[in-house]
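Colleague: Here is what each chain is made of, one letter per residue.
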Amino acid sequence: MQEFKLPDLGEGMQEAEIRRWLVQPGELVKLDQPMVEVETDKAVVEIPSPVSARVVAIHVPEGQVAKVGTPLLSFEGNVTKTSNVKQVAPETPAPPVATQSSSVSAKTVLAAPAVRKRAFELHIDLAQVPSSQPNGRITMPDLEAYLQRKSAEPALNGAAQLKEEAEEKRQPLTGLRRQIAERMERSWRTIPHATAFGELDGSALVGLRQELKPLAEERGVRLTYLPLLVKLLIPVLKEFPIFNATLDEERREIIYKRSFHIGIAADTQEGLMVPVLRNADTLSVIQIAQKLEDLVARAQKRALALQEVSGSTFTLNNVGSFGGSNGVPIINYPEAAILAVGRLQEQPVVCNGAIEIRPMMQLALSFDHRLIDGALAGRFLERFKQMVEKPQQLLLDLV
Amino acid sequence: MVVGDVTTAVDVLILGAGPAGYAAAIRAAQLGRKVTLVEPGPVGGTCLNRGCIPLKALLEASERYARTGIEELAQFGISAETVSFDWSKMQAWKQGVIERLSNGVRRLLTGNQVELVQGIGWFLNEKEVRVEGEHGSLRFAFEHCVIATGAGAPLLPTDVLTPEQALKLDTLPEQVTIAGNDYIALELATALARLGVTVELAVPGERLLPEVEPAAVRLLQTGLRKLKIRVKTGVVVEQLKARPLVVCKEVRPATAGLRLDVAGVQVDEQGGIKVDSMMRTSNPAVYAVGDCLGSHALAAVALKQGKVAAEVLSGMRVQFAPMVVPQVVQGWPELAAAGLTAEAATRAGYQVKTGRFPLAANGRALTLGADLGAVFVVADAEHETVLGGTVVGPRAADLLASLTLAIEMGATLTDLTEILYAHPALSEAVLEGAENALARAIHVLNKP
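Protein chains in written order, with our numbering: chain L, 1 to 399; chain X, 1001 to 1448.
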């Protein structure tokens, strides 16, 4: 019998949630036939079979999170052919297959006999227990800690059960929701947030888009405000490099990023995703528009590769696209700042002593107060406002 | 149906009083169960009455005799005139050992309030067993039943001896051919050769003990040569013409007469009872342990399985799941092994790190006059976790215990080398075997 273990799908991924099994025990699978759908950090990936063989057993049920190296399923006896696992999502490296003879139980779980005995007694699969030891050995305290965590869950559920039927419904935090929760927690807990607000007159932006829209359409590109805003944001980031930076918390050093990977917050059916526009400073408006359209569309389908949802250096949150006029954004950890732009709304504004109707846009810039002070944030916002209100400035610096 | 048939309701009914059955009986009694133990013969089963114990007794007696050989004693500066032995007295002593042990087990059973019923049992249905014995026919309805009926030798031609029969021959033959490739064949050959019998060991298959570390087998072969045992490999046992011939073949589960079909207990093609790791059969009230499963045929396994079944039927959640099963061949030298050999570990996908320490470099071994032997240690190269060990030399089975413990505990080579070993002692060879794997043994040149 051979075990198939969860491979490392790249980008330092440590675990994945088993979303859906595409094969059943007893089923004969072909080489490269998709076996299981797993959800990693922010992408859903199908793992194909490394062999042609019969599936004997599935070890991790749907909905459970498995660590890299955890046996996912077992194949029967003689497998005919092996190849490397390929990922369905593009641009990610093919991870190696981790198969091994199951006759050597020692290799799968390292634990003293008393620990194994206790685990069996408690119906605990030792493969699920995280180890505190460098060699992966499971100790009795590891087992007890796992048991406590595990028993805490059903106890909660048990107590809540009666109430649940009456007035509430409980649902485990899984998948994307769980990841969003964890990231937000981490950002909010580590980064002292401060937010600066601003407002800009979008008349010029509206005019610019109206002029460019038909031209872009001729090239088959639907031009929204977002690509223009990205383009106008880049010079500001270059001018204020601390906004395109990150704090190395351990070494207490500021890391200034030389590349401009702009995260774009996107709403999907299952929750917030932040696809990344890599090297946005090297792209034209048309290219940005094309890339964005593709990224957002694939975010909806959860078909993004890991590197397309990680590694951003600054995040732009177009709350306007979700219908909001404004909101306070939470920094996309470990970045230094995030800019939320609201919807363009016609509002009465006083211009040269007269009341005029202008399309106004609300701005909210949340920043890491360890790195950035309020005055600087104000200047950043002011500069961005100038850029958007007079977009022709772009020409001044055009090479 | 026997006239006046009365059904006796019992709590735990155990069929067979060998190591598996009596261990189950005692453990169940400890846990407060009322146990009825059914056995047609003397308690202790094959191991105690016909197998391990008589064989080991004979090995010990023959070793003592061989050690008094003139050449053997001369190296210690001892000279002896004549030393002889009396086969029938040796047999009587052996029988004495068996009886003493058997009585000991019987007393333990009585002391634990286990009711012993002499007779042969078989199933009437899923809940009942009939026992035919000296007290007539009895019918038991059980809450739980543990099958521990053991295994027996396969059918052999009438002019061929089983190892059991060879152990109690009236007279010692001048020469004998022993066919087999297991510990029984090797031990029998060793014992008889030491008593002056000309022994030919006919080995089916290409390699002697194919599962054992090849370098360890070579040491064993050196020992066989010293005893003037001729070893022939690639033998077809059925074609052997030599007589007397002892054939050591894998034993068969003794399940044929149990009527397991009516009990709803499933068996495999070889008649071995199918169980899970908690020793449960396909009938929820019936458990099976020991040689009747058709897997190991080792008393160490049977004893543990018996205890597991007793605990499970008493409501505990335990299983039989040792990582390794120690194997011993009491040849001359003795060989004991547990876990993976370097070859098996490599086949299983490990990068291995191996260590070896010859007893010729161990002070205690030299003072014992026994320098033929070595310790082999196999570890996973990455974490240096001990995966297997083989010991050849005096008291190899006892020395192996520390390696078995290391494997089961998931100990590393460093764990083995950080503890102190008494000096001078054979156990130091285990230390230096592990040190050699780490290229730091003191009393041997380490490989670069």
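No lab work stands behind these hints, which were simulated from the structure alone.
Small disclaimer: the values here were computed from a predicted structure and weren't measured.
C-beta: ideal position from N, C-alpha, C; glycine also.
Treat the hints with caution; some may be incorrect.
Where chain L lies over chain X, by a calculated footprint (3+ residues, C-beta under 8 Å) [as the list claims (entries may be wrong)]:
1) 1314-1323
2) 1326-1335
Quick list of in silico lysine-lysine cross-link-like pairs, DSBU-like style, CA-CA up to 35 Å [unchecked claim]:
3) LYS117/L x LYS1226/X
4) LYS1127/X x LYS5/L
5) LYS238/L x LYS150/L
Not close to chain X: a few residues of chain L, all C-beta gaps over 10 Å, as computed [what the hints assert, rightly or not]:
6) GLU17
7) LEU110
8) GLU121
Colleague: Taking each numbered hint in turn, which are not upheld by the structure, reported in ascending numerical order?
Modeller: The structure breaks hints 2, 3, 4, 5, 7, 8; every other hint is satisfied.
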